[in-house]
Amino acid sequence: MRIFVRAAFAALIALTLSHSANRAAAETPDETYKALGLEKNASPDKLYDALAKRYNDPAEGAGKGSFSKFWEPIPISKYLNPRDFYKPPQSMEVDATRGQYVECHSQTTPGWVHSWQNSVHGNLDEIRNLPDTDSRAYKKGLLSEVEGNLRSMGVLKAAEPLKEVGCIDCHIGVNKDHGQHKTELRMPDAAACGQCHVKQFAERESERDTFTWPQGQWPKGHPSHALSYKANVETAVWAAMSQREVAEGCTFCHTTQNTCNSCHTRHEFSAVEARKPQTCAMCHNGVDHNEFENYLLSKHGTVFQTRGDKWDWNRQLSDALEKGGMNAPTCQFCHMEYQGQFSHNMVRKVRWAFEPTPKIADNLNHPWFESRKEAWVGTCANCHSDSFSRAYLDDMDKGVISGIKITEESRSVLVKLYNDGLLPGQKTNRPAPPAPEKDDAGAFFQLFWQKGNNPSAVEYEFAEMWEHHKIKHYKALAHENPGGYTYSDGWSQLVKSAARINDEDIRLREAAEIRAELKRLAPQKRGDLFELDTPFRQAVAAGVGGFALLAGVGLLVGRNRRKGP
Amino acid sequence: MRIFVRAAFAALIALTLSHSANRAAAETPDETYKALGLEKNASPDKLYDALAKRYNDPAEGAGKGSFSKFWEPIPISKYLNPRDFYKPPQSMEVDATRGQYVECHSQTTPGWVHSWQNSVHGNLDEIRNLPDTDSRAYKKGLLSEVEGNLRSMGVLKAAEPLKEVGCIDCHIGVNKDHGQHKTELRMPDAAACGQCHVKQFAERESERDTFTWPQGQWPKGHPSHALSYKANVETAVWAAMSQREVAEGCTFCHTTQNTCNSCHTRHEFSAVEARKPQTCAMCHNGVDHNEFENYLLSKHGTVFQTRGDKWDWNRQLSDALEKGGMNAPTCQFCHMEYQGQFSHNMVRKVRWAFEPTPKIADNLNHPWFESRKEAWVGTCANCHSDSFSRAYLDDMDKGVISGIKITEESRSVLVKLYNDGLLPGQKTNRPAPPAPEKDDAGAFFQLFWQKGNNPSAVEYEFAEMWEHHKIKHYKALAHENPGGYTYSDGWSQLVKSAARINDEDIRLREAAEIRAELKRLAPQKRGDLFELDTPFRQAVAAGVGGFALLAGVGLLVGRNRRKGP
Amino acid sequence: MRIFVRAAFAALIALTLSHSANRAAAETPDETYKALGLEKNASPDKLYDALAKRYNDPAEGAGKGSFSKFWEPIPISKYLNPRDFYKPPQSMEVDATRGQYVECHSQTTPGWVHSWQNSVHGNLDEIRNLPDTDSRAYKKGLLSEVEGNLRSMGVLKAAEPLKEVGCIDCHIGVNKDHGQHKTELRMPDAAACGQCHVKQFAERESERDTFTWPQGQWPKGHPSHALSYKANVETAVWAAMSQREVAEGCTFCHTTQNTCNSCHTRHEFSAVEARKPQTCAMCHNGVDHNEFENYLLSKHGTVFQTRGDKWDWNRQLSDALEKGGMNAPTCQFCHMEYQGQFSHNMVRKVRWAFEPTPKIADNLNHPWFESRKEAWVGTCANCHSDSFSRAYLDDMDKGVISGIKITEESRSVLVKLYNDGLLPGQKTNRPAPPAPEKDDAGAFFQLFWQKGNNPSAVEYEFAEMWEHHKIKHYKALAHENPGGYTYSDGWSQLVKSAARINDEDIRLREAAEIRAELKRLAPQKRGDLFELDTPFRQAVAAGVGGFALLAGVGLLVGRNRRKGP
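Residue numbers (numbering that gives the first Met the number 0), protein chains in the order written: chain X, 0 to 564; chain R, 0 to 564; chain Y, 0 to 564.
A couple of the hints might just be wrong.
Copies of the same chain are indistinguishable here, so a pair counts whether it falls within one copy or spans any two.
[What the hints assert, rightly or not] Capping the alpha-carbon separation at 25 Å, the derived lysine-lysine pairs in PhoX-like fashion look like this: (1) 437 to 45; (2) 397 to 86; (3) 63 to 397; (4) 372 to 139; (5) 219 to 181; (6) 139 to 39; (7) 309 to 138; (8) 39 to 175; (9) 68 to 437; (10) 175 to 33; (11) 219 to 63; (12) 404 to 450; (13) 198 to 156; (14) 86 to 298; (15) 63 to 86; (16) 372 to 86; (17) 397 to 358.
Since the hints were made in silico from the structure, they are not lab data.
Note that the coordinates shown come from a computational prediction; the quantities given were computed from them, not determined experimentally.
Input sequences plus hints: build the corresponding full structure.
Written out as structure tokens, the structure is:
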């Protein structure tokens, strides 16, 4: 029946279904095997080596990036990018065993030890002994898979089980007996977790491979979790800012490239946690990516909030509807799904990405975009009819395009003001932003850096318009939070910005006329009082002695005038 | 004792108590029976027929409304107003039985089938077999009531029980055996649910009847859930907007007239869900009706959030305090209660309604308003003393009136600017809004539509002031979220808008003076450079070639001047 | 091991540990015993008498405060400050027994009786009979402690147990048999609760004593919960506002001095409630103290939201990590902890307090501040390494200082505008605020009071900058909500305000130049048209007849001019 209904719509779907027939292979996309030069039946150690090599390759996005000379890490940076900046504390000289590490940290940092004690890592045998009826029983399979991976790498012997996962396995080396705190201690990155969890590592790394924008809307592999740190350090204003503690605030979310701990908080690394919407919320909230707020206020979020306490969160996503009692989707359910399979690649269906732009809007009919839309129809069809799903996705697309249109109209007003040199202080007091950032009108950097009259108020307004209101408009449409694209955020805020920008446009042009008229009216020799770039006006702009100076000039000129014709 | 205390206060209360003596009758208000021309002992089929007839009557608010020629539905509209726009998909030609519908949709849309399987509809016999000690046991009575209704309508025979409620009962017809997907399929509206749930239908429809504003503050029956779609389509800017996808965003909440699914989400239709505050939140949030945010941050919401996990949400509201462990009210507890009874009429105690206006403030002593206030005292008295309840309601009223006062002061400043023609661009670049909307200063439409210098920035500010800040001020007072009417929203934002509007007032009047002075100073023939309505200035306002033109004019004029006098 | 690690860092820590050796004594700080002139082994009755005497002393912060002549209580005030304003209702003339009070109120206000029935107060014997394995078993000790206190005060006899805690104990007098509703009824303040709960009363009152700012950044004992009502009534604009219902909105949170009910909601007085973050949220949210929002969006809050449903909230905070399954901190865990002990003094580690100012930033190296930072390191070390904790606290401090710096730069721009008399309407239409408030530029009062052109728009902007954005920047850093100090709030908003203030600066200075130039250009006798303080301009500013007048003047002057040279 399902096949019957779908057949009516698109050949793409047929392709889809033949794919999903091979469940296991579908989870790590073909694109990744191809990018790594591997066959799909590559052994775990081969797959891991290829993934880890790329993960650590500066040419592929590891490290400080192309703006590295403009910034230096601060103390907290070593926890946000341990691969590049972590050094063990030199105060602690001890070669400790597995048991000693646990014992010592039970004293010094009891909280994390308790978390570990409650984790799967701390209870491998409990997992091994779960009855098949337990909703966590699927973890037995995962544990075998991990052991298979370690055997493939020679870390475990042929029949050797994994005895435990303690401090030492992640922080010194898997299955080591002891280690030097001062020299061997490491903060695990995603590759460290990936050694045991090869398939999950491959899934998350596959985000680099499935994002191949056909018209170059974004660089390959962006925007994604897998390259989020690279996106961070390649942002000019981030590298340019002197307030490094503020800049590293951005990094706190842009760590998904560097760690698995963004979603599976140390030291419990809970799958239940990672399945709940609040886990996404720490990063996916706020003025330019308010997915969480939109979700909570959607019908989906309403059901989650009112009925989610009765769902069995220990169920895998693939069993959540049927066995977990889940009767509304979570972030994870929709975004980790692709053609019926669930994986750690969260961007396989993404079309509008982070910011809706004309270059996306103009290409929605391209097969790349259409196939992703079809994949969404498949997702929605878990709970909605094909007809509803298409009607809603159509609604969303057209609504988003309205947001792009009003924004582009305001952009042209602003750019004209900038090109005409009419922004307040533009000719007298507009310092350039620090390198590697470059000046521009209403640009992203103006949300984070300010000096003199850069940015002007109307530029900040426009920066908010395209970077906040337009994006929130889209996100609310995408998650069906009606208030978020009608009156609270989105459309109504776009209208506000457009009104303010047009208001400022007429105001600045009128002021320019007045200055021009005054100049024309004034006797010839005083003309340059109203030039915008004289030392006099610069003094006024700097707010130092302007008025005394004005008074003085006025007296002089006044005296002259009294002699005149 | 209760009677003793109350007797001290008002004769109205005595009236109240005699009413609530007749529990069953109180739930559907007398006003509804009267409006429908029925006796209170009318049989279910009679009551239902009268309700459904009115529900479907365009003269009573059904359909596209008086602005129907200005807008057309879009694809998603058929799900928001199925009564007027739904058509079954033509791709599916099948006459299926009860079992076949369930079976097929288990494949195509498994999520909604799982929800139904968890619902009361999917488990009638489980309900019938509940022991009386179960907190859901009251549903046995509801089930009998439904069967009685269906017997009264001839859908069930005298002793015939309702066997099940499956796809077909709601989507084809109650108790049907089979149906044509292509021709008979329907999306149920409130009248469809009402066929079984007559009393609940009558309760919700009664909102049309109990809202009879004595001084015409609102039209009869408004604002209410029962006529929310009518309110939507009768809003001029809604009909006028060319961005139909944005406009239909409003409709996503204005569906309560059209469906019961706004609060009882399909296909579980859970009463527990509908009792939780988050259910109201999907619509009652945001810039102009932030009831949910205020509730969460009130003491009531605090207790709900910290202790609500221990309440028995399966209890009916009438048992929630005594048997459900509920020790703080929810939205539902206060707003569905009236004189000790609970019903689906949520507006029987409403006084300030959606927007606090002078016309309400000036009439609070009228008996209509006073009796509603007394009804509130009765609600609060579940947990507060009479003295506290009155003190708080008095506090709220006076606080709201402060908000009205500051808003009206700013309104007069804005209207004077508009009447004086001083708003930026008002004489050069102020397009009229599209029909059926009409131009006005600081009007509602300006939050959603923008072109040229309509609205000006100060008008948007005022629109936010009266439509957002004043309303949030009131809602925070009404729900006792202190920050919401002191510093975060409400009062402090009203002060901000008032300050900005007065700031703009002096600024625009000074600019007008300067233009007037320049005109006076300029030689006669150039005078019209500073007329606001010359083609020259229009070119400047449009931002096209203004400066080149200005330079040219300046040269000409300058040459003239050098010759003079 | 713990001692070893810590020894490496600071002598302060050694001091710390010797303190915490004496667990019981540590909970009520030495500073309090000293301030009260008591030995640490003072008997409960002596301690209580000294605390209650101070609590009720107007010289120590009780009562209406120094602005008392400027305001009067309104009806709701008697519930916000019962000590000073509560009077029992005169309508109820009855001398009722314990049983009668419960019985009557079961009828009149059933909700609060049900809450009490679910409380510890309503179930003393249930507590006495808890097995030691129950997570609430620690309450047996608390109950014995209460009985000890009452024996020390002579309220209970030597071996007499406390039979119950009913209406009468809190509202008439502990252990009384009956009482007059009309004359003896009281609303309990913190001292009333403190009679039984002496240690908890001492802990909360100790906030007065541990806040001794070394450079006078704040008055002694401020900011704190213990003196929050005093802080409220000593705020000039609060006392000055004519909108008393809005002002009392502030009081709704500033009740912690007056009652214990702010966190332990009547009539359940639940410890579980008081341990949950939402309890703090009712007050700690919003534009200038958004701790709750920051917590929820931090990693700590994420874990709380996703895993907190599995924690045993009946556990005391001191057992929460080890026995309660708590794997992320709550507000309470970090703020009630000091050197390993937990108490009701929530401000013992506070350094930046309510608002980060230069006077704090400049003194962070002072031992008072350093010892508090060390105490924080100890708190973080429950779950983080010493290295991480120091890196993060350093990150926070420097980030906060960036926020102070940008704010102070804008302050100097604004102050110069004010000193130069250039704010819109400053010379024509700037009423002084009502007493006891005094005029100032960009001051706190301008967020709550407005008249004419006071405040100007740019002043409101600055008031928001220092009072909202700078504080939110700090709070987000302190609670590690990245978006809260980068793009959604904090830094990005500080940049916006700085940009707007500089924009306004150049605009106002240009307008002044234009006015000066016009004055210079105009023929001598008309000069005073552009004086800012002529009656003419005042008329314009008031918006009455300005244009008619202007036209008239223009005609006159125009006629004159035509005669000219």
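### Query
Between copies, within a copy, both or neither: which fits residue 372 and residue 86 at Cα up to 25 Å?
Cα proximity of residue 372 and residue 86: across copies only (23 Å, versus 46 Å in one copy).
### Message
Regarding residue 219 and residue 63, is the shortest C-alpha distance of 25 Å or less found within a copy, between copies, in both, or in neither?
### Response
within (19 Å within a copy, 48 Å between copies)
### Status of residue 397 relative to residue 63 across identical chains (alpha carbons, at most 25 Å)
between (39 Å within a copy, 22 Å between copies)
### Task
Up to 25 Å between alpha-carbons, please classify residue 219 paired with residue 181: within, between, both or neither.
For residue 219 and residue 181, the Cα distance exceeds 25 Å both inside one copy (39 Å) and across copies (45 Å).
### Query
When no copy is named, should residue 86 and residue 298 be tagged within, between, both, or neither for a Cα gap of at most 25 Å?
For residue 86 and residue 298, only the inter-copy Cα distance (23 Å) is at most 25 Å; the intra-copy one is 47 Å.
### Query
How would you classify residue 397 and residue 358 at a CA-CA limit of 25 Å: within, between, both, or neither?
within (15 Å within a copy, 40 Å between copies)
### Query
Should residue 63 paired with residue 86 be assigned to within, between, both, or neither, using CA atoms and 25 Å as the limit?
The answer is within: 16 Å in one copy meets 25 Å, while 57 Å across copies does not.
#### Entry: Intra/inter-copy verdict for residue 139 and residue 39 if alpha-carbon distance must be at most 25 Å
The answer is within: 24 Å in one copy meets 25 Å, while 58 Å across copies does not.
### Message
Regarding residue 198 and residue 156, is the shortest C-alpha distance of 25 Å or less found within a copy, between copies, in both, or in neither?
### Response
within (20 Å within a copy, 60 Å between copies)
### Query
For residue 404 vs residue 450, is the C-alpha pair at or below 25 Å within one copy, between two copies, both, or neither?
between (31 Å within a copy, 13 Å between copies)
#### Entry: Copy assignment of residue 372 with residue 139, given that the CA separation must stay at most 25 Å
Neither, since 35 Å and 45 Å both go past 25 Å.
### Message
As a check of your reading, is residue 309 near residue 138 (CA-CA no more than 25 Å) within one copy, between copies, both or neither?
### Response
Both, since 22 Å and 20 Å are each at most 25 Å.
Hint check: violations occur at hints 1, 4, 5, 8 and 10; the rest are consistent with the structure.
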